[in-house]
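There are 2 protein chains.
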Amino acid sequence: MNYKVKIAVDAMGGENAPKKIIKGVEISLKKNKENYFYLIGDQSLIKNEIKNNDLIKNNSEIIHTEGIISDDESPLTAAKKGKESSMWKAIELLKNKKADISLSAGNTGAMLVISRLLLKNIEGISKPALAALWPNKENMNVVLDLGANIECDEKNLCDFASMGSALFKSLFINKNPRVALLNVGLEEYKGNDTLKKTFSIIKKNNIKNFKFFGFIEGNQIMNGDIDVIVTDGFTGNIALKTAEGTANFITSNLKKSLNKISILFSYFSLKSFKDKLDPRKYNGAIFLGLENPLVKSHGSTDSIGFAHSINVCNKIVKGNLIDKIKENLITIDDKI
Amino acid sequence: MNYKVKIAVDAMGGENAPKKIIKGVEISLKKNKENYFYLIGDQSLIKNEIKNNDLIKNNSEIIHTEGIISDDESPLTAAKKGKESSMWKAIELLKNKKADISLSAGNTGAMLVISRLLLKNIEGISKPALAALWPNKENMNVVLDLGANIECDEKNLCDFASMGSALFKSLFINKNPRVALLNVGLEEYKGNDTLKKTFSIIKKNNIKNFKFFGFIEGNQIMNGDIDVIVTDGFTGNIALKTAEGTANFITSNLKKSLNKISILFSYFSLKSFKDKLDPRKYNGAIFLGLENPLVKSHGSTDSIGFAHSINVCNKIVKGNLIDKIKENLITIDDKI
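For the protein sequence lines, the chains are B and U, in the order given. Using our numbering, the letters of the first sequence map in sequence onto residues 1 to 336. Using our numbering, the letters of the second sequence map in sequence onto residues 1 to 336.
So that you can see chain B by itself, here it is in the shape it has in the complex (with noise of 0.2 angstroms):
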């Protein structure tokens, strides 16, 4: 394969940064030759990390800049002083069709900002979104908006469907996904205005894209048999920090009552069990609805939590994400 998955790292975002980040990178490239990276940050930090590596050195190239953003600062402050930051030149080569795809450990509403600055919505996209992928029963899913967006209408909703069904044609199969509203009952009546008034326009529209389900409950998100779940931005991170609060309070539960003897005895379930449930699988927020993709990393993840989001990343290229939220977008716009 010739043609490499260009993507801009912001190498100065997150905890223990650029250390992790380099690691992360080098974890991706042993598995994954597809990527070629740009190392966006301090050059003597970076430099200093990647000596003597020749595999990072010959899939990669390092740009220098001054500034970082810090996780405190306030998007506004943050985008006011961002142009000399590493973030802010990850997401201008973009703009400038050098990086097919930017991803940062940072501060989610700087790069939130800074995206919508310099980058131009997809045209018929009214706002974009934040989505991430949530373990299931079957497999994983795609919940959005997760934070991007605190107040949506129905046209806002009806986005959501088209560019979440498309980032999960675009990382997963090819097949159409089943797409549902969060909401407080299954039945038509149930909810606020704005999803019962999204739930017909669906409906009406009989989208060829994705399959609708109509309505689902938090209690369902996991199930497996939905593939996009879609609601506003406020409720989205309530229900996913709510279930991040949840699962780590359960494991450290289970983590008390265990003994040492059972310990010994469960190990290896245990680590199965474990495995099964690492969060730095789920890694990767992805920012929707730009004429570019943009991953945004956990700021707290370690290194192999990074490469996973590397991997989302080579998917959401290679998989046409753009290009497939164009195809699924006419079919609702056109209608509403």
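Hints are supplied without guarantee of correctness; some may be wrong.
For identical chains, the list gives no copy identity; a pair is met inside one copy or between any two copies.
Straight line, CA to CA, 30 angstroms or less: simulated DSSO-like cross-link-like pairs of lysine-lysine [as the list claims (entries may be wrong)]: (1) Lys47 <-> Lys30; (2) Lys120 <-> Lys318; (3) Lys175 <-> Lys6; (4) Lys81 <-> Lys95.
It is worth saying that the hints were derived from the structure and are not from the lab.
With chain B held as given, fit chain U onto it using these hints.
Below, chain U alone, put in the same frame as chain B:
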């Protein structure tokens, strides 16, 4: 103790009624003789369950009704045909001051509608809300609203804070509970307008009946450092059900991972883990804001779960919930 807590029990609501209901009453009476039960429903079915059981006979009376509201009935049709039903009668006993509290494992929507038809709001309360107990790292907390009100304004959320803290005080301790608003971030500028307004009203009013901790995120609900978590009914319902779904997903994965040998050697550890998280302990959603308290048991719980919700009823009445709500209210309501 001479005075008994009088509980109007809908003996026909939920799965396996009236068998499970009567068994739950028996479990509760074996531990606690402070309650007196009105068992409402089909006389012959109930009599059949309590024959030869002097413990129940001496602490209850049967009130015969013909109708049952089924789980799949819409709230409005249930309310229309409801006057002859066990649920209607159980709530009517509150209105007539014959019972202190009413308990049903039946149709939640019907219970909300019938109770609002028969009972008045507490003066000063804008909308009643549905609250539940969540396990956390320390003990339990209260979360409300869980679905009674899909859309809420700042007055509603302030009322929920007052009612939730009154509930926490009447169930647990008499010190001032720690209250927070569920949001997508901790900073004052995060979230929607209603949340920002509620934040500033509560902060400005320097409430004396609880300690206000501002915003929390979904992953903090179970941390154990907040006692009362306030949200609108849409968000609360999604959060509750997402937590349920996540818990099911994790425990079913754990079961799948464990082989026979590891189960054998971990038996007691796993039992203590299971006991700690037993959902029956948290059974019982409380309907707050009407002049009398009502408790909704989970329809699919068993007799042990139902006995837990009887215990919640007992604590609510002995803890003078309604008086505490009235005390709490004055402070906020006067100053909005």
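For each hint, the structure was consulted:
Only within a single protomer do Lys47 and Lys30 lie at most 30 angstroms apart by alpha-carbon distance; the minimum there is 19 angstroms, versus 73 angstroms between protomers. For the identical chains of this complex, Lys120 and Lys318 are intra-copy neighbours only, at 21 angstroms inside a copy versus 61 angstroms across copies, given an alpha-carbon limit of 30 angstroms. Taking CA atoms no more than 30 angstroms apart as the test, Lys175 paired with Lys6 passes inside one copy only; the shortest distance there is 27 angstroms, against 59 angstroms between copies. Proximity of Lys81 and Lys95 under a CA criterion of 30 angstroms is satisfied intra-copy only: 19 angstroms inside one chain copy versus 64 angstroms between copies.
In this structure, none of the earlier numbered hints is contradicted; all agree with it.
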